[in-house]
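Novice: As a plain string of letters, each chain reads:
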Amino acid sequence: MSSETEIAVEDPTAPAEDSPPVTSTRVVEIAVYLVLVALALLLAFDNWRTGMGWASDGPQAGYFPFYLSVILAGASLYGLGTMFFNPSEGREAFVTRDQLRRVMQVFVPTFLFCLFTQWLGLYVASFVLIAGFMWMVGRIALWKSLLTSFVFSMIMFVTFEIAFDVIMPKGPIEALFGY
Amino acid sequence: MEAFTLLAHGFVVLLTWKTLALMMVGLVLGIFVGVLPGLGGPNGVAILLPLTFTMDPTSAIVMLSCIYWGALFGGAITSILFNIPGEAWSVATTFDGYPMAQQGRAAEALTAAFTSSFIGSLFAVLLITFLAPGIASFALQFGPPEFFSVYLLTFCSFVGLGREAKHKTIISMALGLLLAGVGMDTVSGQLRMTFGFSDLLRGINFLVAVIGLFGISEILLTMEERLALRGHSARISLRVLWNVWKDMPRYWITLLRSSAIGAWLGITPGGAIAASFMGYNLAKRFSKDPESFGKGRIEGVFAPETAAHASGTAALLPMLALGIPGSGTAAILLGGLMVWGLNPGPLLFVEHKDFVWGLIASMYLGNIVGLVLVLTTVPVFAAVLRVPFAAIAPMIVVSCAIGAYAIQNAMFDIWLMLLFGVVGYVFKKIGIPLAPFTLALVLGSRAEDAFRLAMIGAGGDLRVFWSNSLVGSITTLAFILLFWPVISKAVGRVSELLQPAKRTG
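Protein chains in written order, with the working numbering: chain A, 9 to 187; chain B, 31 to 535.
Simulated from the structure, these hints should not be mistaken for laboratory data. Do not take every clue at face value.
Straight line, CA to CA, 20 Å or less: simulated EDC-like cross-link-like pairs of lysine to aspartate or glutamate [to be verified]:
| id | chain 1 | residue 1 | chain 2 | residue 2 |
| --- | --- | --- | --- | --- |
| 1 | B | 459 | A | 26 |
| 2 | B | 519 | B | 194 |
| 3 | A | 152 | A | 26 |
| 4 | B | 459 | A | 106 |
| 5 | B | 459 | A | 18 |
| 6 | B | 48 | A | 173 |
| 7 | B | 458 | A | 106 |
| 8 | B | 459 | B | 194 |
| 9 | B | 383 | B | 86 |
| 10 | B | 458 | A | 100 |
| 11 | B | 459 | A | 173 |
| 12 | B | 196 | A | 97 |
| 13 | B | 459 | B | 176 |
| 14 | B | 458 | A | 97 |
The following block holds chain B by itself, in its conformation from the complex (with noise of 0.2 Å):
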């Protein structure tokens, strides 16, 4: 098959001591970042994005996705030893987790998490290795109305399958996508909302606003808490890791199901918190035994780190193959491309084969190495939460500072990144989520230059959108997604009244 001669390619890509030596330091600092409070995989990636400037994409491209799957770990080692979920998709582990560590068999719940997390990307890159082509080929035929509509597609799941309130995802997505509009306007050259100041003629930069709404207010509302810990420590033995392995294909099917809830959700736009929830209920709800869900059971580890992990790695699928990001995380890395002067979207299969294939390669590369290396460093890592937060703070805070400013070398870029920081913290507290504004502002432009392009190619006919079965069924299904809440009810309802007799109150 064709994938295999391009995924072996991949890999003789990869193979030089450099490459692997910045997959070590990716690993490693994205398991610090996942085990620190106040920091977490978009965080990171965000903030150490600057070091990759000068690298050449393929490197940089390798160790930011190994801070991820690091992120991805570490989220693990503070979830089971302290019961602190580092991410939101850690959450579900903790229900098991943290009471097996204080049975005393921190160990074990570590290497069940280790391995399934393992499972779960694995299984993802697997999906990816062997759709993503197809899908970019096929997307090669898209124009910008095709385009206009996937992304409207994107924006419009968000809002009706998210768990938010309406309001506040459209007010997230519509201020993104406004802010991602200021500055010189790309199609005819004028300039808009910049209300005459210099500094916003270059627009408001994507990761500057990433960096404040996820670094600068997570530490803001890190410091709300109480920052006392009082945890276990473990050291993984070979009897220990031999002993869960010996019984995990007893749970084949979790790991199954898992990593296909999991594949789905991630590529599913903003489906990734959902994704690990979803994997540890299924797993208790087809439990023989539901009972001992939430006690120190091994299975209520597996199902959701497998889960999440899935979810996190397929959400690079869609912005490979289509230049659109399924996650935080992946938006920040779609980002991330478009500084080395890669333009995402399909083409990319085709003019930097080498980038995608080295990318997808080091997907393999980069789980073994972490799950090898969090199977031996866990004690260190575990110590890192000793170090005081009066500490950990400020130089969050300052690599934040240099993550900003290092993008367009201006200072007004720190200040921006302040109130991005600011405003991050306020609409976390009032429950505006986050991740659709960062969707649309790395989104807005290339949606709106798609809309407009589709626009003049029309003549500005708005029936464009449905001309052909392809970008009609898209736009159709987009806005069937977006009235999902009231469709749903609709047919809820109807279905209701056609059989009285089986309603459950």
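Bound conformation, chain A alone (with noise of 0.2 Å):
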């Protein structure tokens, strides 16, 4: 026997599905793989000035990781090429506008968060990322936003730097209380 009860949580600003693509899957693999290429030819370098022969004990520092990025490289080239030799394959949106604005939406105020986190601490940067991101991208009322974040950080900073001892990065706010 089941009690029966749905579940419905609703999306309000979900990305449309006809929303234009941003850029093809293609053009992405193609990018990556020239990243690739160009990362493994400096990391080959390097390896090489380190030293990617043998000694007389064996091989010297840079061998092994040599050799690896003569692999990557070729795998990315080979991937280049099958890229030139199949035009029809990635044509799919790699993103569309709607996706790459939700995806901003999460991205932005991460990377903000990190920024934060070198000047005011994780936790009073973390306070601000929750609160600000439920109040503006989620549209959750602001009390709701302030009450929730702050019980968050509270219990975060109660579990990590009191309970269990692991040291996060303490701002000016921290110092006030004393820590």
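Relying on the hints, combine the two individually framed chains into one complex.
Specialist: Dropping the structure here:
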């Protein structure tokens, strides 16, 4: 016997199905391969400088990574090749405009959060991030957002700083309270 | 048998109030992680790992493995009630689980899922109990060449057996191995690939990369989708429980088959997700009534759930016995072992008996407690999904940042985590698999050390990898697996030529 009650959660700002694509998977894939080839060349050069040959007692420090860079470059070039020989591959959208907007809605606050952590400490930054995100992106009532983020940040502080002795970056506000 | 005595000892280690409490906390957190969108087994374990840094290794691994079991159980809840697989391995559970919920049989489907998960795990744990010590003591004779060949086998089987495009798997793996080499070279003490950045001297921490790749990128991906949910809620009554359990023995072949498939694929690196699909498909193929699958057949829940749990658990076997993780989550647990100062590998069974047997005992106990817990608290966890994602997403971000920072107390790691988040997002979207990267990053320096020690021992002669029958056969097997797609195609063509009459399009 199961009591059936529906659970429903709405998503008013969901990305539209017909939103125009920003770029295709193909373009991104080619770009990634190019970046990987460049990275592989850079690392190969660095390892060649470190020494990629054999010393009297075995391989030098750069030996293993040098050949890995070669493998990485080879696989990436192969990937580039498949892209050029199959012009129809990866024509689908990598990300649509609506999707990109939503992804940026998380990415930009996360980036700012990392920046704030450096100056204000992690706990204050997390309070700002959660409250701001809930209020501005989630359109949740301001008092609910502030309360939730305050409670969450306090729980984190008590759990990590006091109960488990895991030290987090702290800023001026924690200093006021002697931490 | 020796295993029994040791296992009993493991239970003694475990049965303290502190450990049992941690077990409950781990299970509850794990089910949360499994239910919430944008989180999953590997992310949950990676994010919560910092909590365990100040614990003793046994308590730490008990809590982490319980998070893992909890996540496995939690994945089934969302698959059945909401048709949203919380994990890749729960996808097959939705095929029959969600139709059952639509027909008002959600409680039945959930009971079936939890019970069969339990059976799958139990099968795999029994396997670990009796097989792992043997494998470990055999592996104690391994020298550097043998270890390198085993690592090579792991990497090659990922490339050869993985379903992704081969060059993408190779890219992922080579990148992971390269990044594992950044920093101080352990053999010569030289600096490599640091380009003068002092933050890179420490190297790129495996866990930081994992938190970014799985945690942050998963949030970015989740935001892309429509987050509206519609689902059923269910309460499991004793009557339903009894009915399902009464019917269960009839499906013993399905359960046994799925357990065996799961255990086998779990031990093979990179097989965990395939297991649930294979379990499902085989149950369908051997069924007398394959048409009824996908329409709410209870066997269609039993089969994939048993296989998924068996493989998730069996993935810990090679990790314990050889120091080689069979899955992404096992790789993270392996990273944890190193943080707690344990050296993963066969020596664990000799040097840290308490730890190993405590862990194995916790697999038994954790699964029993987990089964009772999910059966009684399903409505609570299903309600978690009512919490808006706008509140959950920033909390996950904060937890990720705490996790990344705590590992080495470095602000640089938080930025690195963000970078890996973007990398993970792009890689997932263009189909570069992340599991080989994770595995390569955690095993990279050990594989390189094994290679160089073997080379030093042999005076730079590559033939050392074929110097005796053991290392020779492992190395050869590695190359066979690497070129498996080519070989199987060739074999197929030859047999086709031999039997032209039986050829089917």
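Novice: Could you run down the list of hints and mark each one as holding or not?
Specialist: To see whether the hints hold, each was checked on the structure:
The hinted pair formed by residue 459 of chain B and residue 26 of chain A meets the criterion: a straight-line CA distance of about 19 Å does not exceed 20 Å. Using a Cα cut-off of 20 Å, the hinted pair residue 519 of chain B and residue 194 of chain B holds, with the two alpha carbons roughly 17 Å apart. With a CA separation close to 34 Å, the supplied pair residue 152 of chain A and residue 26 of chain A exceeds the 20 Å bound. Distance restraint check for residue 459 of chain B and residue 106 of chain A: the Cα-Cα separation of roughly 16 Å lies within the 20 Å cut-off, and the hinted pair is therefore satisfied.
At roughly 26 Å between alpha-carbon atoms, residue 459 of chain B and residue 18 of chain A are farther apart than 20 Å, so this suggested pair is violated. Using a Cα cut-off of 20 Å, the hinted pair residue 48 of chain B and residue 173 of chain A holds, with the two alpha carbons roughly 18 Å apart. Between residue 458 of chain B and residue 106 of chain A the CA atoms are separated by roughly 19 Å; this keeps the pair inside 20 Å, and the hint holds. With a C-alpha separation of about 13 Å, the suggested pairing of residue 459 of chain B with residue 194 of chain B holds against the 20 Å cut-off.
A hinted pair counts as satisfied when its Cα atoms are at most 20 Å apart, and residue 383 of chain B with residue 86 of chain B qualifies at roughly 14 Å. Taking the CA atoms of residue 458 of chain B and residue 100 of chain A, the gap is near 15 Å; set against the 20 Å cutoff, the hint holds. Restraint check for residue 459 of chain B and residue 173 of chain A: the C-alpha separation of about 38 Å exceeds 20 Å, so the hint is violated. Simply put, residue 196 of chain B and residue 97 of chain A have alpha-carbon atoms about 16 Å apart, close enough for the 20 Å limit, and the pair holds.
For the hint linking residue 459 of chain B to residue 176 of chain B, the alpha-carbon distance of about 37 Å lies beyond 20 Å, and the restraint is violated. Only pairs whose Cα atoms come within 20 Å are accepted, and residue 458 of chain B paired with residue 97 of chain A is accepted, the gap being roughly 17 Å.
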